[in-house]
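Participant: Take a look at the letters that make up each chain.
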Amino acid sequence: MKALISSLAMLAVASDAAAQVARVDESAYYSVDYLVPPDGSRVEVGGMDFLPDGRLVVSTRRGQVWLVSNPLAADPKDAKFALFAEGLQEGLGLRVIDGKIHLVQRSELSVLVDSDGDDRCDRIDTLCDDWGVSGHYHEFAFGLPRDDAGNFYVSLNVSFGDPQWWHGRSTVPYRGWVVQIAPDGKFTPFASGFRSPAGIGNDADGEIFVTENQGDWMAACPLFHVEKDGFYGHPASLAWTEAYQRDGKKPTDTDPPDVPRKPAASWIPYDWARSAAEMVPDLTDGKFGPFGRQLFIAELTNGLVLRADLEKVQGVHQGAVFPFRQHVGSAVRLKFASDGTLFTGFTDRGWGGQAPGDGIARIRWTQQLPLEIEHVKLSKDGFRIEFTKQLGRTLGLIPALYQIQSYDYDYSWEYGSPVRHAKVLTPKTITMTEDRKALILGGLGLEPGTVVRVLIRALNAEDGTPLLHNEFAYTINQLVDGPKSDALVAKRVDPPAVRERSEEGMLFLTDGDALDAWKGAGWRAARGVELDGANPTTFAAEFPAPNTDQRGDVLTNVGAGELEDLVSRFSFGDVDLHVDFMLPKGGNSGVYLMGRYEVQLRDSAGERELAFGDTGGLYAGEGFPGKAPMFQGFRGAGEWHGLDVRFRAPRFDASGNKLTNARFERVMIDDVLLQENVEVPGPTGGGWEGEVASAPLRLQGDHGPVAFRGIRARAKVAPRDETGWEKVFNGRNLDGWQISDGGKWRVENGTIVGSGPASHLFSPRGDYQDFEVRAKVKINRGGNSGLYFRAAFGPGWPVGYEAQINSNFPTDPQRTGSFYDVEAIKTRLVPSDIWFTEHVTCRTVADGVHVTIAVNDIVVVDTIEKERKLANGHVALQQHHEGSVVTFKDVEVRELR
Amino acid sequence: MKHSKPTWPRLALATLGALAAASCGSAEKVPAAERPQATGEPTVTEVVMMSDDEDEPVHDGKWLYERNCAGCHNANGDGHGPTMVQLGLEARDFKQGGFAFGNTREAIYRTITAGMPGSSVMPSFKVSLDEDERWMLADFVLTLCPAPGEPASGTRIAIGSHPQIARGLLPAVADGKPQWPRGILLGTPEGLTFEYRVDDVRLLAVRQGEFADRTDWNDRGGGELVPLGKAFYVPGGGDPKPAFTAMHFGNERPLAARLKSTLATRDALGLDCELVDKRGTRLASIEERLRVEALSIGGAFTRSFAVRGDLESVNVVFDLGATHDGGAWVRGEPTAWQQAGEVLRGAIPADGWLVGKRGDGFELVHVVADKNVKLVRDSESLHLFVPVFAGAEQVSASFAVTVIGASEWSEELLATLGKELAR
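Protein chains in written order, with our numbering: chain A, 1 to 897; chain B, 1 to 423.
Extracted from the complex, chain B is given alone in its bound form:
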């Protein structure tokens, strides 16, 4: 198997915005002055059919498609729209029926609503189109694709309208890394897949794209559960450190995470584990929930945690698992930004933003936490100190970490994203 280095979206934010403007018809969201310079050739704007009259009644899905989608997906749905041709890219070819997230009406609606988080240029139409319009558009897109057959052919499994979990032998995330005989894939209808090893419960990757190929349905079984999405977030390069360590009477105490439960309902996706010491004594319980965020610049994901102490004198440390490969972190609160490279000393309130340089882009990490959760830094990485033992009393603590890929960042962007996340 060949592994490629995970990358965030290549296109600059401006370009993304421009695409939204140029090919997707969300003209009212992007002022004309900000139309792309790089792709701002007259030919682009010429081929895009803009609505001349904002009050013109919406006729039907075809009308919406021509104005919002055809620039990229082409009028006939083959993915070779003029904007894509211009950029040397290809959009999803509806005529092949190969939808990333399923070819049900609901799945297409979700994609239109959420965009394609991660590595695609497909934006969210949540703001620019209302719900009825998005449904109409989904219905029309369906007419461009072949009649739906099996939801999954052969050994490939797709996500329907619910999140889904698959267990199995995971192939190595990257060359030279181990395979995991016990693995979990948690897939969302929006097309993100969270990949965990069960042994010591660690996140291996977050992927975007189709769900999984169950090769263990072939031959005598026991084959790999192959995640099909492209990995764009790979903590530790595919061999991550433990997510949690424990502080017991102030001393770090080796412990292991043990899977207790996985959860996939219509509304919730996640897993629960216990932190146990070498003797198997349970020190803390952790609930982790996963969520996909639809943001104006594309997609993002949030891991939220609820931690409960189970043993006296135990506190928990969460490794933020920096995946940046250069540059430094900055930490900020919406009102007081610090520059990249500034060293954090001591523990500070965890709420706020962390920005890491990553590849040719940035990783924006948004942390929301109970106020007693602190951000700490050691020589290598950033941690959250999660006190679940206060005096004689065991308490719970919770925090959420959102990871966003971006080609550029600014305080203004963070402020916008913060508002979007708060919704």
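Chain A extracted, bound-state conformation:
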């Protein structure tokens, strides 16, 4: 990496490309201004089109339709909004045909009529309402492209089930479909397999395209070419296919269906698009610049507009997607005006995008020609990259300029997919065409069923113009030669283990009394932090008011007298770790797994040359040169980022010799894969010395202010000796168990359920001495329970030891995992209403009773109880109070000898 950096530095001197790494201002080429809706109105755009008289028609999520006169006025304030219709059930697709306004409401396709000519809608005709609406909020209906025959196309979201919210459902007909509606209202289900197809439109040839949103069965945000009877991946919609109806088959939430899938024409990298929406082709004959007939795509979350240049290879649509114009707003709808202005409609309600979150922008070409990648065409084992301007003579030919990766995705019920099988590709040949308007990369080793992301580190035109956007991602469904492939980018994998809720098995380390799970001088739990307006190199924090029950779940060292690292109370080995972090300007921090192996966090915004010292990098250490992140993972100071690390601890044999090195299996920030399978031979710079099997997590705080929240860990348990465990509960009845105080205990679906007034359920045997007991437990909101051991049978609160079970019972600060009245844990390690495991070991030792308590396979208590020294007794389950409901299953005991 070092060599590359120095060679680039030399190049920069040697060539005339001094400006190549400077940030290029998009606004020099594409200006953005904003229309001004009437005071007090939020125009949350759902659809746009033009009336024959030039007025812009805008429908909104609020079910209003506005007529905007003079929309092309030089001064956007001169465009005037007048309300045409209101009271509609949303309006997320609009099309004017022969002067008639056609609108997709959530519940129907309508024609809005102004019969008396007063510019107010007075009649609404129902053209078609043949699709189901169950009442679930997510059942949006989007539109409204047409085909050559005048048929309309509407895309219909699935709903979700609770509590398995991430499983899309199709409980009423044609949810998850694109449907066709003839001009006379005739309804035809057209294509299935969709989840949240928020953008539906035509390309320049009039074909129907849909953008999808990442979620279950959708690895990222794809752009699909929609073909009749095609299936696009989400199984819920299959319920309404003829085959499923005929056979009475029901799609499952978790098993991939045996139905052939259609490929995506383009998979948009997740750091570019998280909520992709409408796409429009540029048919302005050059009025919008050099990208004629290409698609522009609205993107809500990142507040930008993307561009897609598709081609047909072996008859299949595929191609490249590019960033086009950032800092626009929460874009969801696009419409070209006759003068080449791209009207861009916004909404962010419920999802959160970039400001503005409502209203309308106008994007206009300034007539300045940028240096851009105009086309990317797949060539034999490579790409032909065509530019808008003639390039400088030499720079493009340097192999080190190109950072090229190929990757694919998982196709499963999991919400989204990280990129998989990431590979660095290196061009064997680089050729510049004679006219110097194209570069041809060859010998890349391309494979169908992959996305290839290409970054050109520096490039400039002959006239010195730097490359405006230096990246593209090309989805390869087919190669230009060889047999036709059926490989898909989203590859079917064995479905992940089914969980009742996505949080199951996690230990939450910043909930409740957040600081109780951590040690570190000067760290405090804040309710929120943000960049200090006066001094952006630090934060302004809001702390809980004293003497209130306010809590903070943001851990920060801002304002600390001395700066110290934050160390977790518990130790971890193999772990899936999630940490939300925020840095101020110039911030520097890191997450040390096992206190030793660091994922670097640094304000690396704007860096084009990423090194191990940038966010997502693995810091260098002895015998380890460090590893730069594959992509820029840092979006900016003052923004929350989500870091996910899948880490494998080093392995040791019985005598402590290391067998395998520690390994970062995956590092992702905001779901973008930055590291994959990186072995670390020893502690990285600044890590604790020596190597062990498990150790606390350490968050760096000695380099200045940083904030963390949402920290949760899932232990990855290596196979272990499972012999000797005995079931205490037979799964069918409570034969042999004893109930104190006449409580309500019952067996339900193989579980023991405790409810009603205070009571305890005692195991048949009462002579457990040195032993382990474990169970799966679920406690309701406000409930309180406990797993007793060495307990004596009797009324009232048992005499015995108790491993506490309590997520949020108001008056008892001792939370789940506490060794009751011996060692308290005040952090809420597991939420209510979710299964977790509690595992106790108990053994008499010389000076007392050695007790460990593990929650979700992470040891949270390891202590010797020296006062009571209880000898033996029952295992007992607690029902604490009326209103509390506790559920146990798999109650097992193993005696220690």
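Since the hints were derived computationally from the structure, they do not count as laboratory data.
It is possible that some hints are incorrect.
[Stated by the list, open to error] Straight line, CA to CA, 30 Å or less: simulated BS3-like cross-link-like pairs of lysine-lysine:
1. A:Lys377 with A:Lys80
2. B:Lys126 with B:Lys241
3. B:Lys177 with B:Lys230
4. B:Lys126 with A:Lys228
5. B:Lys260 with A:Lys100
6. B:Lys278 with A:Lys249
7. A:Lys491 with A:Lys428
8. A:Lys228 with A:Lys491
9. A:Lys428 with A:Lys389
10. A:Lys262 with A:Lys484
11. B:Lys241 with B:Lys371
12. A:Lys377 with A:Lys262
13. A:Lys826 with A:Lys866
14. A:Lys585 with A:Lys519
15. B:Lys260 with A:Lys186
16. B:Lys177 with A:Lys250
17. B:Lys230 with B:Lys126
18. B:Lys357 with B:Lys126
19. A:Lys262 with A:Lys312
20. A:Lys186 with B:Lys278
21. A:Lys491 with A:Lys377
22. B:Lys278 with A:Lys228
23. A:Lys716 with A:Lys776
24. A:Lys744 with A:Lys716
25. B:Lys357 with B:Lys371
26. B:Lys241 with A:Lys186
27. A:Lys250 with B:Lys371
Treat the numbers as computed from the prediction; the structure is a model and nothing was measured.
Got chain A sorted already, so can you dock chain B onto it with the hints?
Facilitator: Coordinates of chain B only, in the frame set by chain A:
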């Protein structure tokens, strides 16, 4: 959500009349002898400022207010006028600005003119005050309220000067009834809201009060369109039977109503639907229009229908959707009354009155129809038989149904109401 059982106005007709007389100054319409007994304490009449001289020129809105409104709304507009205090009720507090039907000059004028139909004791001043006086009064009432702000705050939407239609997910009309993901509210400037489900186009309720809360403007959308008025007419207890069935060659044929259009102009409010059979064949087309009636005893609403046959040999039956919960119907023509409980046999001309017992009051239903529309009765309810196929010829038929809530009824009252409706 808590639902209360819909009720018609509680007050007896006599009391209503008395209120009009005592607190509203329409003295010339109610003879002194008929002044209320129940509320006829001297204190009531004492506090009401009556015009001593009918020829005295009307000065201004304040003068009119003191004589017509202050008895209930109080001199300062806070709703605690002496009559209301006496009755243990509260009138609209103008000082809060919370008008049921909007705080525009036009809306207040409409309320003064039409009264508050449905469940309120606010009478119509259409007869007792002339148009100029009502406008003057509206202007004065405006001076009692806070300055108008947004016509609707947050997600609440109000009706302006035009009828308005809102589409959305309707909450259950009553506990245990379904919600309707496709629903329509048709609101009138007079403050009535007609609530329909779109699936099979059925009237769920008629409400009185403010219009609607668009909770789907919150969060990610998809929330309920909550009607804010109080439901006073709830066919089928919130789960009504189909309004229309078809007779095809004399056999009843299951069919569904499909919404075709909704209409809200300055003058008209309503919806159009088609009746289709299982195969989707259209059998008939129906235009329904809704109207609010301002009557001397309060408010009422009229649904008028125009039915056109679209297929040979189809006739249509309209369920009058009896909402009475006891007692029997009587049927009468203005000249020949029959007593409650008498069984109707066969089909008889539909024009006339039907009176149903309902709660602690009565439901008066006035039917006006083309002469070929007949009233028929089966074991459970009353229908209108609407022939739209006569021999080889398809014809149209129309009828109108007016529903009036009353605490008591008499032939004389029906005659009066009939005349008022005819206007």
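Participant: Could you run down the list of hints and mark each one as holding or not?
Facilitator: Verification of the hints:
This hinted pair does not check out: A:Lys377 and A:Lys80 have alpha carbons roughly 43 Å apart, beyond 30 Å. Of the pairs offered as hints, the one joining B:Lys126 and B:Lys241 is violated, with about 37 Å between alpha carbons and a cut-off of 30 Å exceeded. With a C-alpha separation of about 17 Å, the suggested pairing of B:Lys177 with B:Lys230 holds against the 30 Å cut-off. Taking the CA atoms of B:Lys126 and A:Lys228, the gap is near 62 Å; set against the 30 Å cutoff, the hint is violated.
Between the alpha carbons of B:Lys260 and A:Lys100 the distance comes to roughly 16 Å, so the proposed pair stays at or under 30 Å and holds. For the proposed pair B:Lys278 and A:Lys249, the alpha carbon gap of about 25 Å is at most 30 Å, so the pair holds. Proximity of A:Lys491 to A:Lys428 is assessed by CA-CA distance (about 28 Å); at most 30 Å being required, the pair is judged to hold. Between A:Lys228 and A:Lys491 the CA atoms are separated by roughly 23 Å; this keeps the pair inside 30 Å, and the hint holds.
Taking the CA atoms of A:Lys428 and A:Lys389, the gap is near 25 Å; set against the 30 Å cutoff, the hint holds. Of the pairs offered as hints, the one joining A:Lys262 and A:Lys484 holds, with about 14 Å between alpha carbons and a cut-off of 30 Å not exceeded. Taking the CA atoms of B:Lys241 and B:Lys371, the gap is near 26 Å; set against the 30 Å cutoff, the hint holds. Between A:Lys377 and A:Lys262 the alpha-carbon distance is near 21 Å, which keeps this suggested pair within the 30 Å criterion.
In summary, the hint linking A:Lys826 to A:Lys866 is supported, as the alpha carbons are separated by about 22 Å, within the 30 Å threshold. With a C-alpha separation of about 26 Å, the suggested pair A:Lys585 and A:Lys519 falls inside the 30 Å cut-off, and the hint holds. Under the criterion of a C-alpha separation no larger than 30 Å, the hint pairing B:Lys260 with A:Lys186 is consistent with the structure, at around 14 Å. Only pairs whose Cα atoms come within 30 Å are accepted, and B:Lys177 paired with A:Lys250 is accepted, the gap being roughly 28 Å.
For a cut-off of 30 Å, the pair hint linking B:Lys230 to B:Lys126 stands: about 24 Å separates their Cα positions. Pair hint B:Lys357 plus B:Lys126 holds up; C-alpha atoms about 29 Å apart against a cutoff of 30 Å. Among the hinted pairs, A:Lys262 with A:Lys312 is consistent with the structure: their alpha-carbon atoms are about 14 Å apart, no more than 30 Å. Among the hinted pairs, A:Lys186 with B:Lys278 is consistent with the structure: their alpha-carbon atoms are about 16 Å apart, no more than 30 Å.
For a cut-off of 30 Å, the pair hint linking A:Lys491 to A:Lys377 stands: about 24 Å separates their Cα positions. Only pairs whose Cα atoms come within 30 Å are accepted, and B:Lys278 paired with A:Lys228 is accepted, the gap being roughly 27 Å. Restraint check for A:Lys716 and A:Lys776: satisfied, since their Cα atoms lie roughly 17 Å apart, inside the 30 Å limit. For the suggested pair A:Lys744 and A:Lys716, the alpha carbons sit about 36 Å apart, so the restraint of at most 30 Å is broken.
For the given pair, B:Lys357 sits about 27 Å from B:Lys371 by alpha-carbon distance, which is consistent with the 30 Å threshold. For a cut-off of 30 Å, the pair hint linking B:Lys241 to A:Lys186 stands: about 28 Å separates their Cα positions. As the CA atoms of A:Lys250 and B:Lys371 are separated by approximately 55 Å, the hinted pair breaks the 30 Å bound.
Checked against the numbered hints above, the structure violates hints 1, 2, 4, 24 and 27; every other hint is satisfied.
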